[in-house]
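These are the residues of each chain, in order.
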Amino acid sequence: VQDADNLGWKLAAAVQGRATDALVRTYDDERIPAADENILHSTRATDFITPKTGAARAYRDAALALAGQHEFARALVNSGRLSRPARLADSPLNAVGDLWPGCLPPGTPAVDAPVLDASLPRDGQPDWLLRHLGGSGFTLLVFGAGTPALPGIATVRIAPDALHDVRGLAAARYGAPPGACVLLRPDQHVAAGFRAFDAGRILNAVRHVMGQQAGAQQAGAQQAGLQQAAQPAALQAVA
Amino acid sequence: MPLDLAPRLSDPDALFAALVAAHEGLSPGASRRLDAKLVLLLANHIGDTGVVLDALRVAQETGEPADEPTDEPAEEPA
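So the protein sequences, as listed, match chains A and B. To convert, take the position in the first sequence, counting from 1, and add 972; that gives my numbering. To convert, take the position in the second sequence, counting from 1, and add 2; that gives my numbering.
Derived from the structure by calculation, the hints contain no laboratory data. There's no promise every hint is true.
[Claimed, not checked] Distance windows between CB atoms, simulated: (1) A/Ile1011 / B/Thr51: 15 to 23 Å; (2) B/Asn46 / A/Pro1149: 33 to 41 Å; (3) B/Ala32 / A/Asp1019: 17 to 25 Å; (4) A/Val973 / B/Asn46: 31 to 39 Å; (5) A/Ile1011 / B/Asp15: 42 to 50 Å; (6) A/Leu983 / B/Thr64: 50 to 58 Å; (7) B/Glu26 / A/Asp1019: 27 to 35 Å; (8) A/Leu1092 / B/Thr51: 43 to 51 Å.
No residue lacks a Cβ here, since even glycine has one placed at the ideal position from N, Cα and C.
Using the sequences and the hints, build the whole thing.
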């Protein structure tokens, strides 16, 4: 599923002229390591289930025997670990943003959290955050006060009057201090995180992902503004 | 914390004897499983994978007696 999600939005963007073929080529950059990771996990699981040497069998049986009574050994029992999505740690699409302790670094699959949608009547409806992220375009996940709308980017706000993070789980899982913004790709992976809203840097990050190259270097709002002026086509591509 | 190779056991002779005694009368497979369980228990107690891997490296690099069979067919019938 992660594989198809990865390819789908890139093909759509290239076909519609919103990105260059370079974006489609990043499918290889991102999914080959992910496939290697899948193969590593499944090889380890297969080796656990069907030990190839006497030593492998002894350790497997030892882990199983211990797991019956001791919690620590249950982590060693490998009956398959394919259910975890790969983190695209070395992706060329990972944009420049801020990193802070506990943040979700670029390339990480978006995480879910229960929220209440305050836009619906009767004190909000129970909902899940992931349903609001990604899809046809980029999403800016904003923790706290309102921010100006950005062209071509949907804004999803975590606040009592928007999506209410009743139990604080969204902020905790994103490691997001008040005011932080997380830019998400259409396939629900983190493109970049920002300690605070900064239109220039966020648009720059989108341009970087879409193959406009402008986001490759660290850029403050002012610098990004200059680049916008120099490249009107880039803004159009975002919108 | 690096792997500590200084002598730390208060009664090394007693520990050695207990380890050997624990394997008495065991089939090769059962003996191997016992050691594997011991390794996993101790590795979890140490907690630091790096220290365990350092210990593994020291064990690998420390002289093996010649003419030992490398990997016995090992399994007694289940």
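Now for the hints, and whether the structure bears them out:
no. : hint                            : verdict
1   : A/Ile1011 / B/Thr51: 15 to 23 Å : 22 Å, holds
2   : B/Asn46 / A/Pro1149: 33 to 41 Å : 35 Å, holds
3   : B/Ala32 / A/Asp1019: 17 to 25 Å : 22 Å, holds
4   : A/Val973 / B/Asn46: 31 to 39 Å  : 34 Å, holds
5   : A/Ile1011 / B/Asp15: 42 to 50 Å : 48 Å, holds
6   : A/Leu983 / B/Thr64: 50 to 58 Å  : 56 Å, holds
7   : B/Glu26 / A/Asp1019: 27 to 35 Å : 31 Å, holds
8   : A/Leu1092 / B/Thr51: 43 to 51 Å : 48 Å, holds
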